[in-house]
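If you read the sequences in order, they're chains A and B. Sequence positions in the first sequence follow our numbering and run 283 to 715. Sequence positions in the second sequence follow our numbering and run 283 to 715.
If you're looking for bench data, these hints aren't it; they were derived computationally from the structure. Here the structure is a predicted model, which means the values were calculated and not measured. Careful, some of the hints might be misleading.
[Unchecked claim] Stretches of chain B that chain A covers, calculated by requiring three or more beta carbons in the stretch to come under 8 Å of a beta carbon on chain A: (1) 330–341; (2) 378–384; (3) 406–416; (4) 557–571; (5) 629–640; (6) 650–658; (7) 690–700.
Just so it is clear, CB atoms sit at the ideal spot from N, CA and C, and this is done for glycine as well.
Spelled out from the first residue to the last, the chains are:
2 protein chains.
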Amino acid sequence: MALVVIGGVAAGLSAATRARRIDPRLEILVLEKGPDISYGACGLPYFVEGRVQDREALIVYTPEYFRKERKIEVRTNSRVASISHPRRELVLESGARVPYEKLVIATGARCDTSGISGADQPHVFTLHTLDDAGRMRRFLAERRPRRAVVIGAGYIGVEAADALRRNGLQVTVLERSGHALLRDDPNLTSAVARQLDLHRVEFRTGIDVPSIEADSVDGVPCDMVVVSAGFKPNVELAADAGIQLGRTGAIRTDDRMETNLRGVFAAGDCAEVTHLVTGRPTWIPLGTTANKTGRVAGAAAAGARDRFPGIVGTSIVSIFGMAFATTGFSAVHARAEGFDPVSARIEANNRARYYQPVKTTVELVADRTTRRLVGATIVGDDSAAGRINVVAAALHARMRIDDFEQLDLCYSPPYSPVWDPLLIAAQQLRHEL
Amino acid sequence: MALVVIGGVAAGLSAATRARRIDPRLEILVLEKGPDISYGACGLPYFVEGRVQDREALIVYTPEYFRKERKIEVRTNSRVASISHPRRELVLESGARVPYEKLVIATGARCDTSGISGADQPHVFTLHTLDDAGRMRRFLAERRPRRAVVIGAGYIGVEAADALRRNGLQVTVLERSGHALLRDDPNLTSAVARQLDLHRVEFRTGIDVPSIEADSVDGVPCDMVVVSAGFKPNVELAADAGIQLGRTGAIRTDDRMETNLRGVFAAGDCAEVTHLVTGRPTWIPLGTTANKTGRVAGAAAAGARDRFPGIVGTSIVSIFGMAFATTGFSAVHARAEGFDPVSARIEANNRARYYQPVKTTVELVADRTTRRLVGATIVGDDSAAGRINVVAAALHARMRIDDFEQLDLCYSPPYSPVWDPLLIAAQQLRHEL
Chain A
283 MALVVIGGVA
293 AGLSAATRAR
303 RIDPRLEILV
313 LEKGPDISYG
323 ACGLPYFVEG
333 RVQDREALIV
343 YTPEYFRKER
353 KIEVRTNSRV
363 ASISHPRREL
373 VLESGARVPY
383 EKLVIATGAR
393 CDTSGISGAD
403 QPHVFTLHTL
413 DDAGRMRRFL
423 AERRPRRAVV
433 IGAGYIGVEA
443 ADALRRNGLQ
453 VTVLERSGHA
463 LLRDDPNLTS
473 AVARQLDLHR
483 VEFRTGIDVP
493 SIEADSVDGV
503 PCDMVVVSAG
513 FKPNVELAAD
523 AGIQLGRTGA
533 IRTDDRMETN
543 LRGVFAAGDC
553 AEVTHLVTGR
563 PTWIPLGTTA
573 NKTGRVAGAA
583 AAGARDRFPG
593 IVGTSIVSIF
603 GMAFATTGFS
613 AVHARAEGFD
623 PVSARIEANN
633 RARYYQPVKT
643 TVELVADRTT
653 RRLVGATIVG
663 DDSAAGRINV
673 VAAALHARMR
683 IDDFEQLDLC
693 YSPPYSPVWD
703 PLLIAAQQLR
713 HEL
Chain B
283 MALVVIGGVA
293 AGLSAATRAR
303 RIDPRLEILV
313 LEKGPDISYG
323 ACGLPYFVEG
333 RVQDREALIV
343 YTPEYFRKER
353 KIEVRTNSRV
363 ASISHPRREL
373 VLESGARVPY
383 EKLVIATGAR
393 CDTSGISGAD
403 QPHVFTLHTL
413 DDAGRMRRFL
423 AERRPRRAVV
433 IGAGYIGVEA
443 ADALRRNGLQ
453 VTVLERSGHA
463 LLRDDPNLTS
473 AVARQLDLHR
483 VEFRTGIDVP
493 SIEADSVDGV
503 PCDMVVVSAG
513 FKPNVELAAD
523 AGIQLGRTGA
533 IRTDDRMETN
543 LRGVFAAGDC
553 AEVTHLVTGR
563 PTWIPLGTTA
573 NKTGRVAGAA
583 AAGARDRFPG
593 IVGTSIVSIF
603 GMAFATTGFS
613 AVHARAEGFD
623 PVSARIEANN
633 RARYYQPVKT
643 TVELVADRTT
653 RRLVGATIVG
663 DDSAAGRINV
673 VAAALHARMR
683 IDDFEQLDLC
693 YSPPYSPVWD
703 PLLIAAQQLR
713 HEL
């Protein structure tokens with residue numbers, strides 16, 4: 283087979299599709315270890331919540347679609363056991379051998395529950411695959427649990443807490459670190475804590491969970507547990523084949539997503555990428571990056587010359603309808619990365635004063651020496667998405683706060699105040715510098 | 283008086299306030315020709331509509347506030363008749379003389395109805411001041427008009443049409459040019475026309491209106507008329523004093539907003555600014571620019587060194603709840619500015635497929651030679667505001683489409699699809715180049 287892709291979700295199928303576009307005659311095979319392909323993993327919490335009713339709604343394309351419409355062969359339940367690059371051959375768990383000329387590794391990431399004893403009990407869940415979500419839905423319907431513990435206050439953790447709370451459960455979130463959303467950002471963590479509290483979700487930080495009991499976790503009584511901590515890239519297959527990992531622990535690639543083995547590419551949650559604010563490798567597994575790096579890997583595997591310059595770490599999550607958006611680094615993280623961070627945080631109306639405004643909070647972080655913006659946190663209504671993206675564009679452009687302050691942003695009373703919250707924050711930050 | 287500011291709305295009061303911040307002891311006087319100061323002119327249509335109930339809600343600060351809290355003297359109903367710069371003196375219409383050391387001209391702009399006969403009838407309105415809006419509200423309440431004609435399909439024109447339609451009137455919009463929102467952009471004009479039609483507002487282009495009859499305009503029967511065409515900068519006072527105008531007809535300044543007369547600054551709707559996409563002067567009178575240039579003029583007048591680099595022409599307007607957002611140039615305009623424009627237009631979901639998405643349309647325009655983005659038009663729900671601002675930031679950064687396509691924008695199902703509409707449009711545009 284000319285091109286084999288390991289992994290049939292975001293990155294893998296993006297790679298296969300892009301390769302097909304570039305080379306209509308290329309033989310392409312996708313091997314997916316699970317029973318489903320091409321599902322919106324980021325939609326799983328909404329399926330658990332019940333907002334998305336059918337699991338089929340989360341499936342974008344079926345293997346049949348790929349076969350017929352894109353001439354891409356897709357095999358589900360096909361777990362790869364090993365890669366022999368000298369022979370250009372994969373060995374499947376079934377024992378079957380699959381030759382390849384080019385290989386894209388899109389093995390994703392997982393919640394590593396191995397450090398938690400009792401994680402294999404039937405009332406303990408992760409929320410990573412369509413199967414996970416289906417199993418959780420059935421458990422909710424059949425067992426009618428009343429109290430849940432969520433371990434980990436990352437994106438999936440808070441989304442799961444939101445989904446379970448909306449199903450009427452009492453929910454407690456236990457987070458090992460002192461902060462929420464994987465970001466050392468005290469103001470963000472406070473805002474998340476307030477929002478969870480407002481919706482009567484208990485949130486405790488600094489809680490390490492070594493074990494899950496049958497009816498409690500760390501003394502918190504519960505009927506079900508969601509583990510959304512210990513996220514790790516699935517790199518074992520690659521590492522065993524001699525593929526280099528980076529310092530982040532994920533697979534190292536160049537900007538065409540090629541690994542140290544010629545003709546072997548990696549994409550998605552198993553690969554590291556360049557953080558454009560520092561120029562250094564980072565591992566921030568997100569769906570957007572998976573799709574983008576998949577496309578680039580597929581293009582490269584098909585002989586085209588796309589490149590993936592990197593990310594700036596933009597993300598957003600809804601917790602009970604409030605948006606928590608971040609890009610670049612928090613002040614604490616910026617310092618750890620070697621910057622001399624200065625930050626300013628403001629609260630402002632999202633719209634004109636006389637047009638039923640709601641409050642939005644903007645924190646901007648710049649480097650004192652270069653005056654470059656290095657990060658932002660925005661909490662508020664849906665408009666936080668657009669505003670964080672403006673900062674993301676500024677980070678891509680390595681914009682200084684002085685130039686950012688001058689941005690010609692749109693204004694009309696239904697959409698913003700005449701001084702956009704971003705510009706108010708920028709003015710404030712300039713005063714601090 | 284150390285600093286005199288002519289004009290007490292957005293630019294003038296921004297200038298006075300900024301000057302006060304910089305120099306706590308400066309004597310500052312603001313002369314406003316009308317009875318009101320510091321009102322949100324962009325909110326007038328919402329006052330006409332009735333969404334904003336009290337005219338006071340549109341007033342940000344009173345003269346008393348400025349006097350007490352900012353030690354800025356404000357005189358309303360004080361029209362300046364002439365400027366004698368050799369004497370550093372203003373002559374008011376009342377005959378009084380006001381000396382100045384530094385002068386900020388923030389005389390704004392107006393709807394020039396002089397070319398339309400019958401424009402002085404009591405059922406004919408402009409919508410530029412708080413008085414205009416108050417008069418219109420009273421007319422609506424007392425006379426209960428049933429049919430209105432709006433002359434001009436610029437921002438105020440379509441907002442007035444929206445406001446009157448929501449008051450139950452039959453509304454016809456007559457536009458002289460072939461396009462809406464002052465932008466030669468056929469797709470945008472079609473979208474505006476469709477939205478107006480959907481809400482049963484008649485929209486006719488190519489209609490020159492030389493006269494307004496007592497009960498009709500251009501054969502369209504009506505009980506009231508709103509003129510929102512012929513917008514012109516108020517530059518006569520400045521021109522008579524020997525202040526240079528630019529090719530746009532507005533006052534020319536440097537990037538500190540200083541005119542050709544030392545110590546005389548201009549800001550707001552009466553001044554031209556640099557268009558950062560071309561580097562050439564332009565005149566796009568908008569509230570955001572008025573506030574920003576006012577601030578810079580005030581800083582300069584107080585001896586500080588702020589600068590105003592320019593604008594990229596970003597704007598947004600709501601028509602019956604749908605957002606029409608633009609930045610930079612349309613393809614037609616870009617060609618007229620000397621670019622070799624290539625554009626791509628896509629329709630995409632604003633959110634994840636399974637999260638009740640609505641359609642949004644994105645058109646991006648790039649220059650074929652340099653591959654730089656030069657403009658965008660976005661039509662859709664509220665998220666259009668954030669997305670147009672991302673393009674605005676890219677225009678500020680002179681970003682190429684290739685870099686724009688790589689932007690790390692946030693993703694979560696409630697806020698966007700995994701491929702943001704901006705990135706889908708960028709991919710499409712790259713194919714066209």
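Checked hints:
no. : hint    : result
1   : 330–341 : holds (count 4)
2   : 378–384 : violated (count 0)
3   : 406–416 : violated (count 0)
4   : 557–571 : holds (count 5)
5   : 629–640 : holds (count 4)
6   : 650–658 : violated (count 0)
7   : 690–700 : holds (count 10)
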